[in-house]
Amino acid sequence: MTKEQVETIKNNPKYQKLVRTRSKFAWTLTVIMLVVYYAFILFIAFSPETLGTKISPDGMATWGIPIGLAIIVFAFVMTGVYVRRANGEFDGILNALKNDLKKEMN
Amino acid sequence: MVGRILSLLMTVGLTAALAVGTDIGQTAKAESMNIPAIVMFFIFVAATLGVTYWASKRTKSAKDFYTAGGGITGTQNGTAIAGDYMSAASFLGITGMVYLKGYDGLIFSIGFLVGWPIILFMISEQLRNLGKYTFADVTAYRLKQKQVRILAALGSLSVVLLYLIAQMVGAGQLIKILFGLDYEFAVVLVGILMILYVVFGGMLATTWVQIIKAVLLLAGTTFMSIMVMAKFGFSFDALFTRATEIHTQGVAIMSPGGLVSDPISAISLGIALMFGTAGLPHILMRFFTVADAKEARKSVFVATGLIGYFYVLTFIMGFGAIVLVLGDPAGSYLAADGVTLKGMNNMAAVWLAHAVGGDYFLGFISAVAFATILAVVSGLTLAGASAISHDLYANAFATSKVDEKKEMNVSKMATVAIGIAGIFFGIAFEKQNIAFVVALAFTIAASANFPVLFMSIFWKKLTTRGAVVGGYIGLITALVLVILGPGVWVDILGNASPIVPYSFPAVFSMPFAFVAIWLFSVTDKSDDAQRCIDAFDAQDIRCQTGIGADDANTSH
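One line per chain: the protein sequences are W and D, in this order. Read the first sequence against the numbering used here and you will find it ends at 184, with the numbers running on by one and no gaps. Read the second sequence against the numbering used here and you will find it ends at 1844, with the numbers running on by one and no gaps.
One should not assume that every hint holds.
[To be verified] Cross-link-like lysine-lysine pairs, in silico, DSSO-like; alpha carbons within 27 Å at most:
id : chain 1 : residue 1 : chain 2 : residue 2
1  : W       : K181      : D       : K1582
2  : D       : K1420     : W       : K81
3  : W       : K88       : D       : K1748
4  : D       : K1749     : W       : K81
5  : D       : K1689     : W       : K81
6  : D       : K1749     : W       : K92
7  : D       : K1630     : D       : K1464
8  : W       : K181      : W       : K95
9  : W       : K176      : D       : K1434
10 : W       : K102      : D       : K1749
11 : D       : K1749     : D       : K1434
12 : W       : K81       : D       : K1464
[Said to hold, decoys possible] Covered stretches of chain D, going by a simulated chain W footprint (3 or more residues, C-beta under 8 Å):
id : segment
13 : 1383-1396
14 : 1407-1416
15 : 1446-1454
16 : 1521-1531
Derived from the structure by calculation, the hints contain no laboratory data. Please read these numbers as outputs of a predicted model, since none were measured by experiment. Built from N, CA and C at the ideal position, the CB exists for glycine as well.
Only chain W is shown next, with the shape it has when bound in the complex:
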């Protein structure tokens, strides 16, 4: 890639939009995932008895179990959310950008 090509692409508004929206989205989801997971880890570290509280007095199941399983499901849902938007909206912008570039190069 030449210096001029790099500048052309960097100055293309579609490229800027792609990078801006996707980075923001990816970082937001990353932070959410980290917060959820480390909140769980901090509970284990500082207050394990909270997760060991029984859901109902008659049963044996503790809150830790649905919470743990929910984190597994949540992680999967998060990947689904990202893939859906990235393979749809973001790839759409990318294809439009590639069309732009084709025209400019010709």
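Dock chain D against the given chain W, drawing on the hints supplied.
Same frame as chain W, now just chain D:
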């Protein structure tokens, strides 16, 4: 030609192995021999050698060998990634951990899983867009080839060899118990089969062996979980109530317990599991087997779903084992002391298979466990061989442009060498306590491979010096802290208490690596540093768009 050698080997191998099998069958006690398991295992071996034969016809170029020609779909790749991740350590280890400690087993599962969304958001499509065969293609993209490739190869080979030791020793012990075969024979058999898969079938065979095994393992564990739940009218509460009545720790198994004893080890374990995954070379290389970023993303989605589902099953199976294996009225699964399981506590999943499905299902699960080890060691070996042939031979130490055919031959020789090393280590470590090796592998992956990879993708001001110094500091810190920790300092060297009381010291070594990368980059005023920084924009465009990735052959 290749085909003829392969089918010859297949026949010879099968007859030899069956002959050995019958020999042992005649000499050993009848109860130690597991005929259904051996028959099912050899059906798997025959099928996978068939796949290898098919793959060998399609593996012509280096690109075919390393990445299956880039023609794996997202769903296939996701299943293969899940297969890589559902190793014998997760299948037997996590079920065994739930069986022993209850809730604590789930903490590990969650830690192993949550790395995947992060890989998707930060690593997977970036790797696909920037790399060709190994993750070092990405770290060396704009930095000095030689030093960065040597670092990456060292990081890769350390992780691969450590993992390989764990798998080989596990394989030997498992096969000894399940099949009644010799430990050494089992290790040699695993070594030979993995060499065959990788040398003849390359990535295509390695991927399909992994997919077949993943499907078998998921089917088997689904069946076991349904059988367990059916015994309790599909009521979790009934299962948990019965388990707390049987387990010696009683209700304590329902909440976080002693496994993660203090805040720092909890956080450190979390960091090692989460970011270690993003630095495992045999996982990262799978992103080069798909066509584009779209398929790379799909792979992670499928993999996360399958792995998450699998972990839910291991939790059910662990509790099922407490009730049906530990709680078996006749005590038929316990060793002579009446407390520990026959074989080892990792065998909970295997004996549960017998409790819910009898001899034939035990045979099936034993064969699947063996297949799991085979598939995982093949992936590891290919990752290690790629580091040697692509990073060291073809790039770091090449004086001129290396011919692709030559590179592929080096890769095959490296595969044989790693296979032999695996056999050697497997036998040498038979009686060693190897609990530390997986902790060390994850800590190195999180402290050396991941920081350099992450910074090379996202940080413009990264320089060669920063990456190399930071990477080695991460690698050495990880190694030293693990040696001073409980797994080596106490369990192996026999000291009374560890100098570093953490099994997974990533909370120190990973930030250490990041700080060093930053410090040695910003203070780097060399001409090369400026060149690295100037080259970032072009790299970032390719990373963001994939433009140029289609003709990846023009880059290194």
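Tested hints:
The suggested pairing of K181 (chain W) with K1582 (chain D) holds, with an alpha-carbon distance near 24 Å, which does not exceed 27 Å. Taking the CA atoms of K1420 (chain D) and K81 (chain W), the gap is about 23 Å. The hint holds against a cut of 27 Å. Using a Cα cut-off of 27 Å, the hinted pair K88 (chain W) and K1748 (chain D) holds, with the two alpha carbons roughly 15 Å apart. Distance check on the hinted pair: K1749 (chain D) and K81 (chain W) sit about 18 Å apart at the alpha-carbon level, within 27 Å; holds.
Only pairs whose Cα atoms come within 27 Å are accepted, and K1689 (chain D) paired with K81 (chain W) is accepted, the gap being roughly 26 Å. For a cut-off of 27 Å, the pair hint linking K1749 (chain D) to K92 (chain W) stands: about 25 Å separates their Cα positions. Proximity of K1630 (chain D) to K1464 (chain D) is assessed by CA-CA distance (about 12 Å); at most 27 Å being required, the pair is judged to hold. Annotation: proposed proximity of K181 (chain W) to K95 (chain W) holds, straight-line Cα distance about 19 Å (limit 27 Å).
Our distance criterion of 27 Å between C-alpha atoms is broken by K176 (chain W) and K1434 (chain D), whose separation comes to about 34 Å. Taking the CA atoms of K102 (chain W) and K1749 (chain D), the gap is about 21 Å. The hint holds against a cut of 27 Å. The suggested pairing of K1749 (chain D) with K1434 (chain D) holds, with an alpha-carbon distance near 19 Å, which does not exceed 27 Å. Distance restraint check for K81 (chain W) and K1464 (chain D): the Cα-Cα separation of roughly 62 Å exceeds the 27 Å cut-off, and the hinted pair is therefore not satisfied.
For the segment 1383-1396 of chain D, the stated coverage by chain W holds: 3 residues have a C-beta nearer than 8 Å to a C-beta of that chain, and at least 3 were required. Coverage of the segment 1407-1416 of chain D by chain W holds [criterion: at least 3 residues with CB-CB distance below 8 Å; count 4]. For a cut-off of 8 Å, the count of residues in the segment 1446-1454 of chain D with a CB near a CB of chain W stands at 0, and the three-residue condition is violated. With a cut-off of 8 Å between beta carbons, the segment 1521-1531 of chain D has 5 residues touching chain W; three or more are needed, and the interface restraint holds.
The structure fails hints 9, 12 and 15 (numbered hints given earlier, in ascending order).
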